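Residue numbers (the numbering used here), protein chains in the order written: chain A, 1 to 181; chain B, 182 to 602.
The reader is advised that the hints may include incorrect statements.
As the list claims (entries may be wrong) - According to the in silico footprint, chain B covers these stretches of chain A (three or more CB under 8 Å from chain B):
#1 30 to 37
#2 64 to 71
#3 108 to 115
#4 125 to 138
#5 145 to 151
Derived by calculation from the structure, the hints in this document are not laboratory data.
Since the structure is predicted, the reported quantities are computational estimates derived from the model, not experimental observations.
Using N, Cα and C, we set each Cβ at its ideal position, and we do this for glycine too.
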Amino acid sequence: MDEEALVGQAMDGDREAFAELVRLHQGRLRGMAALCVVGRDDVHDIVQEAFIDAWRGLPRFEAGRPFGPWLRTICRNRIRRFLRDRRAQRSRELAAVDEALALEPEDDPGAERRIAALRTCLAGLEAGHRDVILRRYRDDAAVQDIADDLGRTPNAVSMLILRIKSALQRCLGQRLAGEPG
Amino acid sequence: MSGDGSEAGLASALRLEAYLDERLDAASAAALVEDLRRGGPMAAQLRAQAAFAGLLAQAADPTDAEAVARAVAERIDAESRPSALVRSVDRGIGRATRRRSRPARAWRWWPAAAAAAVFAVAALAWSMAGPATGPVVVGGEGRLADGSAASGRLHPGILVEAATVLRLAYPDGSAVALEPGARLRIDGEADGMRLHLEHGAIEAQIAHQPAGRPCRISTPDCRIEVVGTSFRLAAAEGRSELVMASGEVRVACDDGRSLAVRAGERAEIVPGRPLVARPAHAVATALFPDGLAGWRQLDGIWTIRDGVVRGSAPAGRSRLASARDYRDVELTCRMRIVGAEVAELQVGDYNWFARIPAVVKDGGWTEVRLTKRGGVLACTAGGQPVEFEPGVGQDPARPGCISVYIRTGSLEIADALITEP
Chain A
1 MDEEALVGQA MDGDREAFAE LVRLHQGRLR GMAALCVVGR DDVHDIVQEA FIDAWRGLPR
61 FEAGRPFGPW LRTICRNRIR RFLRDRRAQR SRELAAVDEA LALEPEDDPG AERRIAALRT
121 CLAGLEAGHR DVILRRYRDD AAVQDIADDL GRTPNAVSML ILRIKSALQR CLGQRLAGEP
181 G
Chain B
182 MSGDGSEAGL ASALRLEAYL DERLDAASAA ALVEDLRRGG PMAAQLRAQA AFAGLLAQAA
242 DPTDAEAVAR AVAERIDAES RPSALVRSVD RGIGRATRRR SRPARAWRWW PAAAAAAVFA
302 VAALAWSMAG PATGPVVVGG EGRLADGSAA SGRLHPGILV EAATVLRLAY PDGSAVALEP
362 GARLRIDGEA DGMRLHLEHG AIEAQIAHQP AGRPCRISTP DCRIEVVGTS FRLAAAEGRS
422 ELVMASGEVR VACDDGRSLA VRAGERAEIV PGRPLVARPA HAVATALFPD GLAGWRQLDG
482 IWTIRDGVVR GSAPAGRSRL ASARDYRDVE LTCRMRIVGA EVAELQVGDY NWFARIPAVV
542 KDGGWTEVRL TKRGGVLACT AGGQPVEFEP GVGQDPARPG CISVYIRTGS LEIADALITE
602 P
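Chain A on its own, in the form it takes in the complex:
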């Protein structure tokens, strides 16, 4: 079924049609949010809220309009709202860097492909390095906790993470260029 038909059915209240739209678009929204927000739980929340906003807004969606850009606009607003709300709760130091980074949500169609490629690169890491990255980015563990587990200093763990990320970045570049990573 093409997307326009799915959208039409979702506008009629067909939840399974909307679920299919979620499956189709969730990767791109997650990529969009990930470029501004690191925490995966935060990205999940933003993307989920964006889809809920879209579901509620469907009765007023103009049939025939492209659905993806409309959805991404909603997601962009959710990202901005998250960043604004987070700013109010951050320490002065973190808020200063937030402001200097001046993150502005943008749609990046290539983000989803880069994430897929990174998964392959991640699987190719040696086990110890992969564990460090998964603890830090999948489990959202603090560097201090990882350092305690490894019996190292936080600075040493940060250096290790930087080196692993450099290797992943090289692997990513090679995969995107068509070479095996």
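Please build the complex by placing chain B on the supplied structure of chain A, with the hints as guidance.
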């Protein structure tokens, strides 16, 4: 990932890692800000590093598309179920339903057991009351126009006022709960269930009605036709509000305005204002969830201890303002004013303020409730209305910070909750 490969680049990259780990000290923050503001390749590399961290977190995330779709579907399902009526019903059958205080993302669930209980109680009451028209009182207390207690069947033409949550049940399984103080007139049923809400609020779950015989519920401002749904309807002087939990209704006013309101939406009916349906997922959250973070201490000394925010100034004024703006909002709290006659609650960047009077009883604490919705401002203190006065006096609908202010003495705020539509 190590910046430009130089020692300075490495140091900058490590500072960004500390930022991502949320353990940045002041000196590192200042240096990182300087690197970012300077621009150039190092700044670009730092931004790329920040973005890469997010992509890496997603690459490490095992959540697939199906899991995301399932989570969204569960949220949609939860929001389509009635929630508030559960509180009324459960109280009547001895179970408590607590409202979540953190920003909940789903309405409360309608337990199947509670629904079954409503039907069971209604069926029992009907079997005892015998065949006739009108709903039956199945719980709570209320009074009729002649002062007698509301009990048994309420025949058409009867006006009932609820003293506590008063629950009514119809033979088709429809249930209506009057909130304390609500006044409801039971009209005839010749061509469908008819109710008129004179004042106060009801929560209703209406069973699917026969074709051509919709349930019609009116307020002084509007009427709604219900074919099978659940909702909360409130009527106050010059204003009615409808919040839909499930199904869909059409709101119509005598001046020709009409609007379809669907599950998860809210509509406010005010003469002369356009009818608009908005999301109705507002949930009250604590105003000070993280101490005074997110608040600006503009004057005086502000502290928070044991959940009580306190502001004072040895000589002169105290003012605390939110760092963020609020558009439409409902705020409730308790306030205690010591050493002064009034405190001010200000909205919209000091454009409008309400003077909250100091009280002596109840240890000096007074309940304050403020609503700012679509430019309409309302405030009560101790249950008594408090007028809003213009500070700068610009458009009351404009978003802006919320602030509290006292010219002398001290001000304490406790149990502060805020709800945003």
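Evaluated hints:
no.	hint	verdict
1	30 to 37	holds (count 7)
2	64 to 71	violated (count 0)
3	108 to 115	holds (count 3)
4	125 to 138	holds (count 4)
5	145 to 151	violated (count 0)
Hints 2 and 5 from the earlier list are contradicted by this structure; the remaining hints agree with it.
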